[in-house]
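J.: Here are the chains, one letter per residue:
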Amino acid sequence: MENSAENRPSSSAAAEEKTEGRRHFVKTTLAVGLGAACVAVPVYGGARMALYPLQQQGLSGKEYQLTTLANIDETPRLYAVTDTVTDAWVSSPNQPIGNVFIRKTADGEVQAFQTVCPHAGCRIKVDKQKDPETGEEKTIFFCPCHGDAFDLNGERLHPETSKSARPMDSLETRVDEEGRVFVKFQSFRLGCAEKSPV
Amino acid sequence: MNPFLKWLDERTGFVTGCKKIASWKVPASGCFCRWLPVAIIFAFVVQGITGVFLWAFYSPSAQTAWESVWHIQYQIPFGWLVRGIHHYSAQVLVGMLGLYVVALAVHGAYRRPREFVYWTALTMLLFALGSCLTGDLLMWSLSGYFATITRVSFLQLLPWVGLPLYKLVAGGPDPAFGTMTLTRFTVLHIMVCGGGGFALMFLWKWFDLRSRPLSAEKGCCHKCALACAKTEKRPFWGWEALGAACVCALFLAVVLVLVFQHSLTRRQIADRAPTLPAEAYLGAELTSPADPGGSYDAARPEWSFRALYYESKLPIFSKIGMIYAIFVVPPIILGFFYLLPILGRNKFLHALCVLAVAALFVVFCAFTYLSYMDDYKNPDHAPAFLASKAEAEKLAGRAVELCAAPDGIPQTGALSLLKKDPFIQGPKLFAQHCASCHRFEPFGELAELADYSPIECSEPTAPNLYRSVSAEWIGGYMNVEKLLSDDYFGATTSFGEKGSMVTYMKGRVHGGQTDKAGNFMLNDSNGLISAVIAADASPALDILTAAFTEFVENEDAVAALAEGDVAALKALIAEKCDDPEVLAELDPPLPAPVLEALKEVLAAMPDDETYQEIFADEDNIETLTDDPETFLTDVYLAQLNGSDEPIPADQTQYIDRIREGIVAACGEVAAILYDESQLETPRTGSGTDYDGLAEGAVASMEFLGCIDCHPFYGHEKSDHACDLRGYMSKEWLRGFIADPTDVKYYGAHNDRMPAYHPADGDALMSDDEIAILADWMHGAWYRAPEVKNKTLLGRDNEIFPGVKLQEETVPAEAEASAEESPEKN
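Going down the list, the sequences are from chains H and Z.
Residues in the first sequence are numbered consecutively from 1, following this note's numbering.
Residues in the second sequence are numbered consecutively from 1, following this note's numbering.
If you're looking for bench data, these hints aren't it; they were derived computationally from the structure.
A couple of the hints might just be wrong.
Derived BS3-like pairs: lysine-lysine, alpha-carbon spacing no greater than 25 Å straight-line [claimed, not checked]:
no.	chain 1	residue 1	chain 2	residue 2
1	H	K18	Z	K25
2	H	K125	H	K195
3	Z	K389	Z	K313
4	H	K138	H	K125
5	H	K27	Z	K20
6	H	K18	Z	K19
7	Z	K19	Z	K6
8	Z	K313	Z	K377
9	Z	K205	Z	K20
10	H	K27	Z	K25
11	Z	K570	Z	K599
12	H	K18	Z	K233
13	H	K125	H	K163
14	H	K163	H	K138
15	H	K130	H	K163
16	Z	K19	H	K27
17	Z	K420	Z	K394
18	Z	K377	Z	K394
19	H	K195	H	K184
20	Z	K394	Z	K419
21	Z	K19	Z	K205
22	H	K27	Z	K233
23	Z	K20	H	K18
Please build the complete structure, drawing on both the sequences and the hints.
T.: Now the structure itself:
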């Protein structure tokens, strides 16, 4: 190519320089492009590896039989949810994946709540609280991290001062003919007013 | 200049630096060697990139190292690619560094002022080799594990420091190879060899750049840019840069070819094992998990150490000591290379040095070649090496199948899966404990199964157990000839010719089968055919008695029969054959196939004239009415053939028909026993009502006399022989192998079978091992399903998320038929 350029009658030195500049640009661009493509192969493979966690599906949303109607009353009880957990390459049966509060209301309705506080992910506990006016002691849900209190229906006791933007996360329940209680175990996005599953 | 750039440049010099790079000029050299450093730097960069990503997924411990590499290779998208590039680019890098050092030496480019360029390049090569050595172990695979043990054990050859050094490298005293070895090898591989190599690369380039103006000054002008610089220069950006990019692309292409080397042709893709995913054939090899209790005879170093491996095996070193092969000769050679800048001071000495380097290079190549030849072509070594390799490949494939099984990898690691896998452990246990007496190879109708390999037995003295839990094998018990053959009990002492089972079978069940004429059967008073039709109170006579007594009450029918109309009588006989009341009285009870045969025989025999003759005589009818038994013996049988036998000796077709029925009953018993073998646990129940026990099963076994000796769900008449409930089932086998002398099994009649886990006494096998053996005899191991979508690029052919390539595989059958068709034509 260079030879052909030299053989051409030199009409103008500026045009020659311009062509030379263009050629240099093309060569350099090709070189950088090819070099970048070469580096891109391992980088792309590695990036796909690194982004693998985004492709994985969690356990959330599966239904578990945790107790029977006969075993629950109005006081919430803590139940551990266990399942086969695949941790990277290790597959372990009967591993705890979370905890659930289950109770039966006076009307016989079965309620289940996530123990994870919707505010910042601490573990909510069942606690006793004295009513400052009546002095009566009652059972509530209480999150020790930031002091949020919920009533037994999961509603915030003091919505105006509560750190949590929403009530406790209730879980779908189902009771079959034999009185077995099933809970659809899910986790929800923390810190927002809306309850959206993750 | 842009104020921001100006601000930045004042503080960092970035902009000025970029400008310098943009106007960078390199020596105008035409030598091809100048591309080698470019490729080396690119290889280092690739190593770094891929290494970091692999590091993010790797877990160095004895229970997780192999598993995490398996995870990378088989589950993480493109893990196989990154791992493959990392592995093969390291191999190419070592090769390039070696060539570079040799090129420097040959060109005399180690001379003033480039000594440090040469020394750092040589050290870089050592670090790269160190990376290969340490990286081999990180997979914690069978090959890397045993290869590394050998290498590290060489340290013990050293006097004084040997043992402490060995302990330091391995991470403890023997048995040392484990998690601690892995953690320190990870550091050695990544930080010391990898990081050190990177640091050396910068140092090397620094020395190189620094020596260029000096070289020009000293006038040691050399045509090759490796050696020194010419005063004439040309800009880097342009042809030089494009050339460098092409060199990188070429390097990457070579590495990718190596990564895809087992998937390059359609044949290679079609030949893949159907149960293994495509990743098994992509990138670097992953042999099965390291097994301290196992062995790997084909453990060999990487290609770059093959020459050293061959050298260490030279006979001279077994005489003067291995320490010379490892710790004297290689350091001397290395020392020579390090001293080159001093040794090759002038042209003459340089020429000598070049000769020496060339000689060493030739020896390196020759030793490498010979080492491969020894493994792959030497008739003395190659078969064992290749067999060991094939065995390791099978094990690796199995490990992958088990890890991909629904149960996944337990916390104890993938090795524990292999350790309790009947497919892998069964043949080993059999070879170790059983094959000194038992054969294990296909015979008779038992065809060889693809995944059930025969096991050698030099002196078989016990039954051939190949597919012993099959209907065919169990059916062999119904045949005296088979029982007496070496495949069953021919070579044992308590069975054999005089064994009670054989005597019994000869006498009763199969008495007539060896005698085609059938006479033997009739004359054999113990024979089953006689029992059915000839004995005084045989079922045949019982049925006829019932039919005749009822028939004689119908006078019209008797009169009609006297005229020759036999139909009514025959219909009545056929009816009695199906009458439950009559059948309940039969002794022995008849199994369905025998009853069917008897029905046919009674319908056909005797002929109509004989019946007509008998029933035309009024005296006969009187006898029948008064005393049916006398009628049968004195009239019916006497009229039939003038003797007291119900079937004339010349009527062999009837005997054959009964025999067919008995053989069919034998088949039924074989089927019943096969059903028993398939039970997980023996049936539950009591009395005659056992869950799922086929109706008539006990009748068949009673008819053939099995339960005269063998206990079977409470129907036993003695416990002389082994219990047939759940015969050959897993539970039965476990108990039997544990202690055959138990009264439930062979009891006092046990031949020489050892008790492998008696209730009291030493156990030769653990309960787990016995269970594995029983499962293996049942062929009960996990069978992986065929892997779909196996293509050139691994799982689902997905290059970009959501973008799939067209299926590239050619179905194996299609290709096979395409190859066959020309031959047919």
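J.: Measure nothing beyond the straight line between the CA atoms of K20(Z) and K18(H); if it is 25 Å or shorter, mark the hint as holding.
T.: Holds - the C-alpha atoms of K18(H) and K20(Z) are around 22 Å apart, at most 25 Å.
J.: Keeping to a limit of 25 Å between CA atoms, is the pair of K313(Z) and K377(Z) held or broken?
T.: It holds: about 17 Å lies between the C-alpha atoms, which stays within 25 Å.
J.: Within 25 Å, alpha carbon to alpha carbon, are K163(H) and K138(H)?
T.: holds (21 Å)
J.: So if I understand the rule, the pair passes when the alpha-carbon distance is 25 Å or less; does K19(Z) with K27(H) pass?
T.: holds (18 Å)
J.: Given the hinted pair K19(Z) and K6(Z), is their Cα-Cα distance within 25 Å?
T.: holds (13 Å)
J.: With the threshold set at 25 Å, check whether the alpha-carbon distance from K130(H) to K163(H) stays at or below it.
T.: holds (21 Å)
J.: For the pair supplied as a hint, K27(H) and K25(Z), confirm whether the alpha-carbon distance does not exceed 25 Å.
T.: holds (15 Å)
J.: Check the hint pairing K19(Z) with K205(Z) against an upper bound of 25 Å on the C-alpha distance.
T.: holds (20 Å)
J.: Does K18(H) pair with K19(Z) here, judged by a C-alpha cut-off of 25 Å?
T.: With Cα atoms ~21 Å apart, K18(H) and K19(Z) stay inside 25 Å; holds.
J.: Would the hint linking K138(H) and K125(H) be met if the CA-CA limit is 25 Å?
T.: The hint holds at about 14 Å.
J.: With the threshold set at 25 Å, check whether the alpha-carbon distance from K420(Z) to K394(Z) stays at or below it.
T.: Holds, because 16 Å separates the two Cα atoms, which is no more than 25 Å.
J.: Mind checking the alpha carbons of K27(H) and K233(Z) for me, to see if they're no more than 25 Å apart?
T.: Holds, at roughly 18 Å.
When the structure is compared with the earlier hints, no violation turns up for any of them.
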